[in-house]
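*Asks:* Residue numbers (this note's numbering), protein chains in the order written: chain H, 36 to 193; chain R, 72 to 416; chain X, 124 to 774; chain B, 15 to 215.
It should be emphasised that the hints constitute simulated quantities derived from the structure, not laboratory data. Even glycine gets a Cβ: it sits at the ideal position worked out from N, Cα and C. All the given hints hold, so there is nothing to weed out.
Coverage of chain B stretches by chain X, computed from C-beta distances (three or more under 8 Å per stretch; other residues unrestricted):
{"hint": "1", "stretch": "58 to 68"}
{"hint": "2", "stretch": "133 to 146"}
Per the computed footprint, the stretches of chain X lying under chain B, defined by three or more beta-carbons under 8 Å from a beta-carbon of chain B, are:
{"hint": "3", "stretch": "313 to 327"}
{"hint": "4", "stretch": "340 to 350"}
{"hint": "5", "stretch": "692 to 704"}
Derived CB-CB ranges, DEER-like:
{"hint": "6", "chain 1": "B", "residue 1": "A126", "chain 2": "R", "residue 2": "E217", "range": "50 to 60 Å"}
{"hint": "7", "chain 1": "B", "residue 1": "G177", "chain 2": "X", "residue 2": "D680", "range": "19 to 29 Å"}
{"hint": "8", "chain 1": "B", "residue 1": "L161", "chain 2": "X", "residue 2": "K746", "range": "25 to 35 Å"}
{"hint": "9", "chain 1": "B", "residue 1": "S105", "chain 2": "X", "residue 2": "G676", "range": "20 to 30 Å"}
{"hint": "10", "chain 1": "B", "residue 1": "L84", "chain 2": "X", "residue 2": "P734", "range": "26 to 36 Å"}
In case you want the letters, here they are:
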Amino acid sequence: MALLPVALTVTSCKREERNFNTPPPNVSEAQTNPSFKNPLEENAYSLSEGKRLFSQYNCNGCHAQGGGGMGPALMDEKWIYGARPEQVFATIVEGRPNGMPSFRDRVPETQVWQLSAYVRSLSGHVPKDAASSRDDHMQGKPPESRTKEQPIKNTSPP
Amino acid sequence: MRARQINWGFLTWVALVNTTVAATTQSSVDPAGPQAQHISQLWWVMLYLLTGVFILVMSLLSIGAFRRRSKAAETSGRNVIQTDSLRETKMARVVMGGVVVTTVILFALLVSSFIVGRTIYSIPKEPTVLTIDITGHQWWWDVRYENQVASQIVTTANEIHIPVGRQILFKLNSADVIHSFWVPNLHGKTDLIPGHPAETWLKADRTGVYRGQCAEFCGHQHAHMAFEVVVESEEQFQAWYESQLKSAPAQLTSSQSRGLQLFLSKPCVMCHTIQGTDAGGKVGPDLTHLASRQTIAAGALQNNRTNLSRWILNSQDVKPGNHMPPIPLNSEELNFVLDYLESLK
Amino acid sequence: MTPETATKTDDALHRELEKTWGDKPGIWGSLTSVNHKTIGKRFIVTAFCFFVFAGILAVLMRIQLARPENHFIGADLYNQIFTMHGTTMMFLFAVPIMEAIAVFLVPLIVGTRSIAFPRLNAFGYWIFLFGGIMIFVAFILNVGPDAGWFAYVPLAGPQYAPGKRVDFWAQLITFTEVSALVVATELITTIFKLRAPGMSLNRIPVYVWSILVMAFMVFFAMPTIALASTSLILDRLVSTHFFNPAEGGDPILWQHLFWFFGHPEVYIIFIPATGFVSAIIPTFVRRPIFGYTALVLSLISTAFIGFGLWVHHMFAAGLPKMGQSFFTAATLMIVIPSGVQIFCWIATIWSGRPIFKTPFLFSLGFFFVFIMGGLTGVMLASWPLDLQLHDTYFVVAHFHYVLIGGAVFPLFGALHYWFPKFTGHMLSESLGKVTFWLMFIGFNLAFFPMHILGLIGMPRRVYTFQAMNGWAGLNLLATIGGVVLTLGVLVFIINFFINRKRGELAAENPWGASTLEWATSSPPPSYNFLHIPTVAGRDTLWVQPEDQPVVVGIRSDVRQVLITKMLDAEPEHIDQFPEPTIWPLLAALSATGLFIGSIFNPWAVVWGSIPVTVSLIAWFWPKGRKAEERPPKEVQQNLGEQKLNAQEEAA
Amino acid sequence: MTPRRTIDVSRLPTYAFGHHALTWWATWSMILMEGTMLVILLISYFFLRTAVPEWPPAHTLPPNLFWGTLNTAIILASVFPNQLAKKAAESLDVKGVRLWMIVTLLFGVAFAVVRIFEFKNLNCHWQQNAYGSIVWFNMGFHTAHVLTDMVDTVVLIVLMFVGPIEGPRFVDVSENSIYWNFVVVIWLLIYSVIYLAPRFL
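Bound conformation, chain H alone (with noise of 0.2 Å):
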């Protein structure tokens, strides 16, 4: 028993706390900082808000499930303007050419990083035990928390 109490700390604290008021990681410190990782990722209730945003904000209307239609699909293993948490924040802050708007401003970053750990995990990229499970709809893909993590390409704009 006493192994149980370490065993859920180890796993626990980072996933399950549920800070209204996160400040937003610093981005300047994000996009120096090579070994960089978004705490977001690791917190259950964070990607949790990520995919409520994703679908709320109608980011599934370009990205349909993640599987893609007019915007690329965010399941596969391509990246056009790359992987990294930092990267995908720049992607959704800045806008890219053909078509994906910038949200600079309008969406709050707390939520801009909450929505690139939800678009990683769409791939895979983030812990099982945090990711989120199944949503009370149809299903169109596997849930997060049961995704393969998938490879990075980075590969150039089609």
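With the hints as your guide, set chains R, X and B onto chain H.
*Replies:* For chains R, X and B alone, coordinates are given in the frame of chain H:
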């Protein structure tokens, strides 16, 4: 009117346990509509009847326990009373009688609740003049007044205006988890269960503002998921409805238009709709007539400039966990936005 | 039992039995113990600790609700706290402590040496303990469940409850439900097959009947919740769709499953408590219980009706009206058996000569509080009225009146009543009376105002409320009451620690009670009775003649136990019970590993089952029995006798 | 001091079969609780069935009959060796017990193997929809019971060879057969629900 005077009885009962006098804007025993009326009558019947039963049983028990006993109760060597069969059979008869009486009372109560049940659910005779769609969200209420003509549909939030004395049909849906629609002064609860569209009808006998609240635990801010039902005269209602149909004012003061610009360039626009502007978000409440509402944040705050700014700058201090992020605005920008929002009459 | 129990031969017998039945010495001994009294005491203390923890959580909630818009506890933590309070009280306190006390008492009351399946009993305790530790560790690490003890989907489902919080809740259910089921099995077998010769079914004390009924209810209620919690965790972990309306699932299914367990659960808690009352009252009014048959029948009918009213928890969910009326009727119907019991008890008191000791006071308190709760229950049963009262503080008031009145007051009565049998010392009578009055007054202060709060519109499960509704005063009053109630419990705990070792020594039968547990020393020896007693009638110790015969011919060098016939309790055969062993503990540990592992990885169910299987095989592996050192011929002949018995019984 | 009156029970047998034995009560307790669970499970199946217009849902075939039916035949056949094992146990016939338990076990193994093909031919997946979930839940529920009883059987067979051969072992064998019969009965229920209900309801 019976219900009123009974309500005085209730208030005295409250006073008995020396407490604050019951507020009646959210009370199931201060009925303002037929259903609540019938239910509260049932309540008073039960209260008086069962209080009687309670007193009776308790006095039986206390007499049984504390009555003076004859010293000459014969006992065996182990100091145990020898029961004599004659007395036991007598007691058995009494107990039997008690059971019979209980059964009779229960049957009476059963019948009365059947009757009340039928009345509050009997299909309304009069035709439905007004149908309102209510959608429960974590943690606010979306309100839409149905109409065949799209331009005649009114959309608002957390505040339901209805004409007095008219019967209104409510269509209830949930956008996420289970909520429960409850206006104590008008009627009991109806759950909003995903995948199970529900209906209920309300009718108010007297004008006034009645508070409702979500009655099914629905997450972090279940405590702050209230709404108000404003019951007004037919004319007032029509006037209100007309005003709600209008889209947001076109000509604005400079500060108001600065406010609108900010609204459209800041996170606000992602979630909120303002008719007549580019703001068309469907995530949060429709703000087209925000200034006309009594409260903000689903009844959490009175609608005034101070509370509005508090809410915009950091809603998470007011309703931790709600889905509105803190909006980064400096005090100047904030004032513009407030000026604009307050113009949305 | 009779004065002559201290002759030389008895002394030798005592030493041999002690050698055979006693626990091994030291820490190893306590880990391997399978003695129902050792396990029972642990069980009681552990469950009571969970009661204290959950009580502390309740106080925290009351502090948070003492004034409007209080910032003492945030929404997120409050939701975890009220969920933990409900879950702990129901799954880790109420049901377990009723079973725990039964584990200690039933074998004594039916006059045998041990509970049936003693190793299973140890396992039942360990698995319960580990489940409890798991959920509290999780809670402390901010992984406490936060969707309510009823865990309604979709709020408890995968989409709206991210993280592992609800998974831990679902697994806790598995732990407690396994524990409850195995203990129920032991109790039923003990009551049916291990009774002392002569204790035919119609002579079983009412308390034992209540335990029997409770155990059977466990069999039908617990599997339902096991199934429900399993499907919930499957939805969450491997994305099945039992409760997903978009893929053909249905949230209502959860509500049906949960309440089909949830309502009988209340009676699983309440029925043993009525057993306490039926045991305490006759002793303290010095007469046999009035209406034995009526009491037993009403227990059984309560159990049956108890499974027929779960829908009254769902009146607001908009089910067909006809069904609602049916469940209103069913719910009102269950008042009748309860009424019968109450009238019988009052009749007993009326025609007796009460001695106002603490246990009896608690029984009187039980009447006041429980009857009021029962009457508000009648109100809630009426579905039109329930539409207003459902999920308000009126309901909170109602079920605390029913559960604290109907279960906790009798429980405290029972703890004061049997304390001498548990420990061999008497509790302080004066402190006991203080406990009672503090609890009684505090309880009513805390919960009566909630009736009114509910009527004036305060919903349940809110972490705060607004001043505008005029709820402040009543809430403050409730908080004050809560503090007084807590003081009462505190006094009891003090009383316990003062007297558990140093209290006045208890005689065999300090209250002059009538049941068999009082026919052996306090505390009882490891083997319970020097000679297995025989029973001459109901209220055994009051009616038996001085020269009541005892059973001899049971070997004292091995753990032999006399098995009697189910109906008339005639001696049937002699079974040999297992020795102490570590395996139940290890089995419980490996099961714990499996359950917790499966929260993080479904495959844990597969690899986790290997250690479980191993430990179970080791557990059941026979070591050969001294009693079998006989020629097969005689085995054959015994078999013959046994066939004969069978025929007699058939005849 | 008068000598105490006594009842001497030393001549009583040290074990018994059927409802005289404590293990019989344990077995039936198991059966009672597992049975309850199964009933609730089947009720849930039909509850979910009423929630949707077509069953199985569109583009889903009901499970293929062949393997399921084959397995039903196998498990029904296993009842006979099982009963013979029970008889042998109750007449304390060690050889008979060994023989028939092994035969029963072989049937069990065959059943488990065919079960793999059954799973392959269910034509649905638990991740698809509620129908798939409840079907897999039913199958998993039964498979778990089969495996449990097979482990139990293996242990008893080993005991019957290595000893010590004692009365209570024979009781265990007869209880084990009762439990296997239960496993057979619940399979008949589950089979008719999983395989037949979608076709004929």
